[in-house]
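Here is how the chains run, residue by residue.
There are 2 protein chains.
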Amino acid sequence: MGIFEIGAAAKAASIQLAALSSEAKNSALAAIAQALKTNAAAIFAANKQDLEEATGLPAPVVKRLTFDEKKLADVLAGIKSLISLPEPVGVVQKATLLDDGLELRRISCPIGVIGMVFEARPDALVQIATLCLKSGNAVILKGGKEARRTNAALAAALVQAVPEPAGWLNNLETREEVKEMLALSQFIDLIIPRGSNAFVQYIMANTSIPVMGHADGICHVYVDAKADVDMAVKIIVDSKTQYVSVCNAAETLLVHKDIAAAFLPKAAAALKAKKVRLLGCQVARQYAEMEEATEQDWSTEYLDYILSIKVVDSLDEAIAHINKYGSGHTDCIVTNDATAAQHFTSLIKSADAFWNCSTRFSDGFRYGLGAEVGISTGKLHARGPVGLEGLCTYKWLLTGHGDIVADYASGAKTFKHTPISE
Amino acid sequence: MGIFEIGAAAKAASIQLAALSSEAKNSALAAIAQALKTNAAAIFAANKQDLEEATGLPAPVVKRLTFDEKKLADVLAGIKSLISLPEPVGVVQKATLLDDGLELRRISCPIGVIGMVFEARPDALVQIATLCLKSGNAVILKGGKEARRTNAALAAALVQAVPEPAGWLNNLETREEVKEMLALSQFIDLIIPRGSNAFVQYIMANTSIPVMGHADGICHVYVDAKADVDMAVKIIVDSKTQYVSVCNAAETLLVHKDIAAAFLPKAAAALKAKKVRLLGCQVARQYAEMEEATEQDWSTEYLDYILSIKVVDSLDEAIAHINKYGSGHTDCIVTNDATAAQHFTSLIKSADAFWNCSTRFSDGFRYGLGAEVGISTGKLHARGPVGLEGLCTYKWLLTGHGDIVADYASGAKTFKHTPISE
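Residue numbers (the working numbering), protein chains in the order written: chain U, 1 to 422; chain D, 1 to 422.
Chain U extracted, bound-state conformation (with noise of 0.2 Å):
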C-alpha cells in the first residue's frame, strides 16, 4: 500500500474505533497481550538481527533498542495496567440544560488518525499504539531504522491479534514515507514527533498537519532567597544527575544573590561529586571554581552532566530568565517563602512549575497518567505529559425535541442555562 492509501485505511479505521465499546478495546488489548507472547520467540529473533547490525552505537542506545524478555515483561505490564485504567472516551465533561428537553454535553471522543514518529525504541511502538487503541485513535506509526525489523515483528503481532477495524495500525518503514505522510492532512489529525530538537522543528515546518511535539527540555531550578540550603542542594542533584540524557534533567541553576554564599559552595561540591561540569556566570564563579558560561549556554540543551549557574538580583530576574531562555517545559523554585513559590508558579509560562521538588518528576508515570506518549511544550491541547487524556478531544452532543432557533429568536422562548448534575 502507498502512504495515500495507508492515511486513507486509518481515516477509515478512526470512524469505527471511535464507537468501539471499553469491553471491545479492552478484549483488543488482552489479545495483544497474548499474542506478544506467543510470537515471542519471532519478535526476539529479528530483534537480533537489528542488534547485530547496530554496531557502533553508544551502549545507552543499543539498551533502546534491545527488545527482550525483560522488556516484554514491561510491555505486558503496561498493556495489563492500560486495560485497568477508565475508559477515556464518552466521558461527560459539562452538561446544561439550554432549556427544557434541550439539553448540551461536551463528551469526550477519539482526535481520529495520530502519526506518530519515534526513536529506535520497539517497546515504544507497543506502548503507543495500545495507548492510540484505549483512546479510540487510529495510528500510523514510524520508529527509528535501527529497529526496523522488531518494528515489523511487533506491527504484525499487533495487527495480527486485531485484526479490525483494517488500518487501525500502520506501520511505516522508510523516512521518505514519513515525508509524504506530512502532506495527508486530509487523513492526519495530529503528528506526535519524538526525538532531537531539529528533527522536531524540520516536522512543524514541513506540514499544515497540528503538531504535538517538544521543542526542548531546558529545565531550570532557581534556589530562591529563602530556601533551605540542604533542600536546594538535594533537588539540583537529583534534578541534574538522576538521569542526564532525558528532557526533564536540568540544565541551568539559577540562584538568588542572598543566599549564594551559604549555597554555592555546598551545591558545587555536591555536584562535583557527581562528575558534574560547571559553567557559571561572574558572580557564581566568586564562590565556587567553575569554567565560565556564554550567553549560548543560557540556550543549550546538555543532556549531559554539564550544568550552567546564574546568579540573579531576584526572583523577578528568575522568572524573566526562565521565560526568556526556557524551553516551557519544567521549572522549579526552591524556597520556604510561599508567596515567593505563588508568585513564581503564576508567572512562568511553562507547562510544568514545580515548588520544592526535583523536576525529574515531569513525567506521566510518575504524575499517575498511566503511560505518556510525550511530553508537550506547546501551549494548546495537551501540556506536559501526554497520556490517554491528551490523545482525546471532545464534541458537543445537543438532544433535543425538534427545537429551533426562531422561537428564542422572536423570544417566545428563553434559554435556561442550567447545570444538568448527572
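Do not rely on the hints blindly, as some may be mistaken.
No distinction is drawn between identical chains; accordingly, a pair holds when it is met within one copy or between any pair of copies.
What the hints assert, rightly or not - Calculated lysine-lysine pairs in the BS3-like style (CA-CA distance at most 25 Å, straight line):
id	residue 1	residue 2
1	Lys-416	Lys-234
2	Lys-272	Lys-257
3	Lys-80	Lys-70
Just so you know, these hints were derived from the structure itself, not from any lab. A quick note: this is a predicted structure, and the numbers were derived from the prediction, not measured.
Here the structure of chain U is known, so what remains is to put chain D in place on it, guided by the hints.
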C-alpha cells in the same frame, strides 16, 4: 511601534496578566464599560466617517460596520455579563497526591498572547479584547479595514481605561502588519482568524504559530428513516433559513430513502415558501421539483437561500457522506430511533453533533458559554464555540518538600497516586 516591538510588549504584558486577580480583571472591565460611555461621542463620530466611506457595500456589511447607541448598549451588556462569569484562570482541574506531601494539581491558566484577525465589525473588537482580558491573555487585534477609524477610537478608549499592563491590547491598522505578525512565533501563542475560508487557509499556510479557526461551515441535517416528518421539516427550515449567511446554517439535507416520499414533498414546499432554491440528486428530484445538484454542491458553503439535497440508502451512507464532505462544524440527525442517533453522533467527526434540533443552536451564547471569539472546526484544544475556557490552557503545579526521584527509582519510596478532593 513596529510589529516586533508590539509583539514583545504583548508578551511582556501577558506574563503580568496571568497573575492578575479576579477583582483586578473585573475592575478593569468595569473601567472599560465606563470609558466606552465617556468616549461614546468620539467613537460614534469615527464610525460615521467609516460609514461615509463605505459606499457600495452590501446592506448586511454596512449593518455590521455600524457602531451606534444600540451597538454600544449591546457591548455594555456583554461586558456586564462577562464580569458576572466565573473566573476562568486558576481553576483546579485535577488534583493527585503523588505521595505524602507531594501534591500535583492541573490548573487552568491563560494561553499568553492571542493574535486575532476579524471582519469589519467594531463591536467584535470590544468583545474579543474583553474576553482576552478576563482570560488573562494579551491580544493583538486587526479588524477589517472598513472599520479602522472606529476600531482605533475603541482601542484608544480601552487602553485609556486600562493603561496597565502596557501592551495588553494592541490594535494593528494595516494588512502588512498582519503578514509580519505571522512570523512572530517567539511572541504569539495562538492566531485566531475570522473571515472567509480562503483567508483562514491563507493564514494557516503562512505561519508556524498554532491557528484556531474554522475552515468552513458545511452543516448537514440528516432525516433518518424513523424521523418525525413534521419535526424534520421544522428543523430543516430553521437550520437553512433562520439566518442564511452564518456558518451554522445548514447547506445540505440528507434523506433516508425510506422516508423520502413522505418527507421530501413537504420539506420542498416549506423551503420554497421561504424562497430557498433546491438542488437535488437524481433520486431526490423524483419526489419534488428541484434543479440538479453536481458533485461540487456537496462541498459548497452557500451562505445563501440555496440547499443541496441527497437521498441516501442508509444511516451509514449518511455518516460517510458527512465525514467526506462536511467541514466538521455542526451536523444533525432527525430520528425517533435512539440507537440510530447514538450511532450517528458517535461516528460523525464533527465538533457539534445534534439530535432533533436545529444546527443554528451551535453558538457560544446559546450554549451558555457567554460570548465567543469564534467557532473552531479543528480537532485540538477548543472545538465548536470558543469562549473563556477555550482561551485558557493549563499548567501542572507540583508542590513538595524536597522530594527527589532517586528515592522512587531506588524503591525506597513508592507513589500513592490518590485523588485529592478539594
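Structure-based check of all given hints:
1. Taking the closest pair of Cα atoms, Lys-416 and Lys-234 come within 25 Å of each other only across two copies (22 Å); inside a single copy the shortest separation is 55 Å, beyond that limit.
2. In this homomeric assembly, Lys-272 and Lys-257 come within 25 Å of each other (Cα to Cα) only inside a single copy, at 21 Å, whereas the closest approach across copies is 78 Å.
3. For the homomeric pair Lys-80 and Lys-70, the shortest alpha-carbon distance inside one copy (15 Å) is at most 25 Å, but the shortest distance between copies (62 Å) is not.
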